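Q: Residues per chain are reported as follows:
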Amino acid sequence: MATDTMWTGSEKYLCDRELAQAFHMARVIGMPLLIEGEPGTGKTELPLQFAQDMGLDLFVYPVGSKSSVEQFVAKFDHVKYLRDSQVEILNAQREEKGMKTKLSTGGRQTENLQDYVLKGPATKAFSTPNSVLLIDEIDKAPREFPNDLLYALSHRKLVMPESGEIIEVKEENMPTIVITSNREQELPTAFKGRCVYHYISFPPKETMHEIVEKHYPTMNDELQDKCINLFYQMRSLGLERAPATRELLSWIKYLNSFKKAEALTKVNRVEGMGVLIKNQKDLQKVQTRLMGKNPNNN
Amino acid sequence: MFDQLPETFRSFKLNADVRTLLQLRQAMDKGLVKTVGDLFYVLKGLVTTSPTDIGPFSKAFYAHFLSINIVPGEPLEEAVIRSDTFQEWKDKLEEDEKIDIPDIDLVNQFLDEVHTTSYDIKNFLSGQDILDKRDPDLEDTDAPIDGEASDKTNILDRMADYRDVPLEELLKRMREVAKHQKTRHEGGDYWIGQGGVSPYGNGGAAAGGIRVGGAGGGKMARAAINNKDFYPVDAKAPLRDDNIDAALAALKGIEEASTDIILDVPVTIKEGLKQGGIFLPIEKEKRQQRIQVILMIDNGGWSMSPYIRIVQKLFAKMKTRFAHDLKTYYFHNTIYGGLYSDAARTKFEDLDKINIQDKNYSVFVIGDADMAPYELHRNSIRDWQKLNKHFKRMAWLNPMHENEWYGSMTCSIISQIFPMFELTPAGIEAAILEMNRKRNFQ
Chain U
1063 MATDTMWTGS
1073 EKYLCDRELA
1083 QAFHMARVIG
1093 MPLLIEGEPG
1103 TGKTELPLQF
1113 AQDMGLDLFV
1123 YPVGSKSSVE
1133 QFVAKFDHVK
1143 YLRDSQVEIL
1153 NAQREEKGMK
1163 TKLSTGGRQT
1173 ENLQDYVLKG
1183 PATKAFSTPN
1193 SVLLIDEIDK
1203 APREFPNDLL
1213 YALSHRKLVM
1223 PESGEIIEVK
1233 EENMPTIVIT
1243 SNREQELPTA
1253 FKGRCVYHYI
1263 SFPPKETMHE
1273 IVEKHYPTMN
1283 DELQDKCINL
1293 FYQMRSLGLE
1303 RAPATRELLS
1313 WIKYLNSFKK
1323 AEALTKVNRV
1333 EGMGVLIKNQ
1343 KDLQKVQTRL
1353 MGKNPNNN
Chain C
4 MFDQLPETFR
14 SFKLNADVRT
24 LLQLRQAMDK
34 GLVKTVGDLF
44 YVLKGLVTTS
54 PTDIGPFSKA
64 FYAHFLSINI
74 VPGEPLEEAV
84 IRSDTFQEWK
94 DKLEEDEKID
104 IPDIDLVNQF
114 LDEVHTTSYD
124 IKNFLSGQDI
134 LDKRDPDLED
144 TDAPIDGEAS
154 DKTNILDRMA
164 DYRDVPLEEL
174 LKRMREVAKH
184 QKTRHEGGDY
194 WIGQGGVSPY
204 GNGGAAAGGI
214 RVGGAGGGKM
224 ARAAINNKDF
234 YPVDAKAPLR
244 DDNIDAALAA
254 LKGIEEASTD
264 IILDVPVTIK
274 EGLKQGGIFL
284 PIEKEKRQQR
294 IQVILMIDNG
304 GWSMSPYIRI
314 VQKLFAKMKT
324 RFAHDLKTYY
334 FHNTIYGGLY
344 SDAARTKFED
354 LDKINIQDKN
364 YSVFVIGDAD
374 MAPYELHRNS
384 IRDWQKLNKH
394 FKRMAWLNPM
404 HENEWYGSMT
414 CSIISQIFPM
424 FELTPAGIEA
434 AILEMNRKRN
444 FQ
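Going down the list, the sequences are from chains U and C.
Following the numbering used here, the numbering of the first sequence begins with 1063 at its first residue and continues without gaps.
Following the numbering used here, the numbering of the second sequence begins with 4 at its first residue and continues without gaps.
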């Protein structure tokens, strides 16, 4: 693992210093990095951009309410195994009757249990040296899922079902593991104890300018200032679901499709709120508080 | 110095144990800790587990490593100025030249140096380009702080670099410093520093006109201390609007295992193969999450009125977030043969009708259980017992403080029938743990 340097972001991604430090530390001591923070602050982007920037293989496991460690590590395909074993019996019967043609098992052999193991992202990442493994939104998982992960994460070793094959990774080849969470449920303490924890705090205005700059380097300064000012104004309104970086970037993308003057009037009129505000109550609040101030808009 | 670390951190209600020390040691072995700033980051990553840990963590760190003890309500700056560490640091700074800057401004410099990480130093070392395009308005501030500030090499000499110091040596030094701090007055070297070499850079980095780190850890740590966003919600406080989310998180612990029967494919196949190709279906119970909740709320007396709205809000939130099935009943003080299905208590439902519902409901009774002794007569007690017999998972949540329960006769009777918990986020969590335990052993 190339851990001697600290990764501080790429052309498209600004990794703030604290996050960079936590990420570096996690990589150096080979622990997973657990990132929490508001939705839309670039938690998931970190490993994606890191893998792309460093040219590493990336494996993603999006967690859902039905996630299980089986999907994550490896699953034994019982149905295929049943089918192939039946095919073998059939083939033997055909041979007895002197038939030449055989049914195919697609190269799989029933004695060879490994052929029926469907490898999940964890196994793939563990068998690819220096890869990146993202476990996205772990808080959506059933309660026992994080605990089931503990063994795999702390022993650098995975045991394949049925075949008993062991996938082991050397410490220096350990994949970079990033886990994200939106704090929808509290994760078990034992699990958190095995991760390096980082909470992404919302970027201050100056950083936001840099982020926007990274995504839209040609954007007009005046427009950028106005957008960001308005955006932070909205965040200070105490909305139920305050817009985050992701929403701001989509809004700017929308504005950028217009000419400068037109875009400016759109900002002044607070248009295109659909990408920023996702809640009827919030929208009303924004309309009364921000648009009321605006003389252009009656 | 490190031996007591888990103890100190635990006294700040943080999770720290031997594992933390081992992980820290590992991080040190890998060369991640070269300055106090590094130590702050590494420990923060290892110890904190939620944003609300960051405040207590910063306090614990300052107390443990820098002997800066923050009295509740006191701003960080004042605590820093009070501390010996700061005074020693200032003395050291003044050795060469008297500094005419108010303490409060020096605190910023002190904190910046405390939080200077090896990454900052590395940037500084390789950052010739930063030096070249120095910010002009920062340059103005150079001169008064330190006369030799422009002498960059000098600063770097004084910037401690522990890269080549073996871990054992580092630990030994720390222990010595700890001893010094106990006997005080030894002066000069504080914490990790020794002689003229201090990881803080001793008026180095910041005085050099370059804010290595910029808006770095110092700022964050300052923000974290005394800011309620970075403090844990008091789980023992009565349920209120501002801790309702903590209670909601606790409610999420209610899990239900249903008993749907599905085909067990792996076992069927294995057995079939053993039988030489005759496959007999083998079934198993399917487990899935289902949350069914019944609420029984005492909305009678004035004593309960402050809590009704918040309880309803809590469970309404639960319903929109993750529950599928929520029923609410009302009663006044206690029950006689049944409950009411509306808040005005006009629609009476017979107990027998309630008792034929799915026994897998989690039932929360919310009430103070405090009434005139004659109200809770034998029949009423029997009704409660009937309910408790049918619903395996039932708990009583009481808005009164636990100390007051035993002062009320009716309350102590009811607490013998049901497990009783305080109506606080912590109490709700305990109630759910108790319920889940029951499920597992029934």
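These aren't lab readings, by the way, just hints derived from the structure by calculation.
Keep in mind that a hint or two might mislead.
Taking lysine to any residue and the SDA-like style, the derived pairs with C-alpha atoms no more than 20 Å apart in a straight line are [unchecked claim]: (1) K392/C with L354/C; (2) K273/C with E1150/U; (3) K273/C with K1232/U; (4) K322/C with L1352/U; (5) K1347/U with H1277/U; (6) K33/C with N1174/U; (7) K1232/U with L251/C; (8) K1181/U with T1103/U; (9) K16/C with R1256/U; (10) K1340/U with A1323/U; (11) K33/C with E1233/U; (12) K330/C with S306/C.
Pulled a few chain U residues facing chain C out of the computed Cβ check, cut under 10 Å [said to hold, decoys possible]: (13) A1084; (14) L1144; (15) S1147; (16) Y1259; (17) Y1261; (18) S1263; (19) L1285; (20) D1287.
Remember, predicted model here, so these are calculated numbers, not experimental data.
By construction, the Cβ of each residue, glycine as well, lies at the ideal position given by its N, Cα and C atoms.
Q: Each of the hints needs a verdict: does it hold here or not?
A: Structure-based check of each hint:
A C-alpha spacing of about 12 Å is found between K392/C and L354/C, which places the hinted pair at or below 20 Å, so the restraint holds. For the given pair, K273/C sits about 16 Å from E1150/U by alpha-carbon distance, which is consistent with the 20 Å threshold. Proximity of K273/C to K1232/U is assessed by CA-CA distance (about 34 Å); at most 20 Å being required, the pair is judged violated. About 33 Å separates the Cα atoms of K322/C and L1352/U, which puts this hinted pair outside 20 Å; it is violated.
With a C-alpha separation of about 29 Å, the suggested pair K1347/U and H1277/U falls outside the 20 Å cut-off, and the hint is violated. Straight-line distance between C-alpha atoms of K33/C and N1174/U comes to about 42 Å, which puts the hinted pair past the 20 Å bound. Of the supplied pair hints, the one linking K1232/U and L251/C is violated, its CA atoms being roughly 42 Å apart against a limit of 20 Å. Distance hint between K1181/U and T1103/U is unfulfilled; the C-alpha atoms sit about 31 Å from each other, more than 20 Å.
Annotation: proposed proximity of K16/C to R1256/U holds, straight-line Cα distance about 18 Å (limit 20 Å). With a CA separation close to 27 Å, the supplied pair K1340/U and A1323/U exceeds the 20 Å bound. Among the hinted pairs, K33/C with E1233/U is consistent with the structure: their alpha-carbon atoms are about 13 Å apart, no more than 20 Å. Proximity of K330/C to S306/C is assessed by CA-CA distance (about 23 Å); at most 20 Å being required, the pair is judged violated.
Taking 10 Å as the C-beta cut-off, the interface hint given for A1084/U holds, the closest approach to chain C being about 5 Å. At a threshold of 10 Å, the smallest CB-CB gap from L1144/U to chain C is about 5 Å, leaving the interface hint in force. Restraint check, S1147/U versus chain C: the minimum CB separation of about 6 Å is within 10 Å; hint holds. A cut of 10 Å between beta carbons decides the hint on Y1259/U: the least distance to chain C is about 5 Å, and the hint holds.
Interface hint at Y1261/U: satisfied, since its Cβ lies 4 Å from the closest Cβ of chain C, which is below the 10 Å cut-off. Among the interface hints, the one on S1263/U holds; its C-beta lies about 7 Å from the nearest C-beta in chain C, closer than the 10 Å criterion. Of the supplied interface hints, the one on L1285/U is violated, with its beta-carbon coming no nearer than about 25 Å to a beta-carbon of chain C, more than 10 Å. Because the smallest distance between the Cβ of D1287/U and any Cβ of chain C comes to about 20 Å, over 10 Å, the interface hint for this residue is violated.
The structure is inconsistent with the numbered hints 3, 4, 5, 6, 7, 8, 10, 12, 19 and 20, although it conforms to all the rest.
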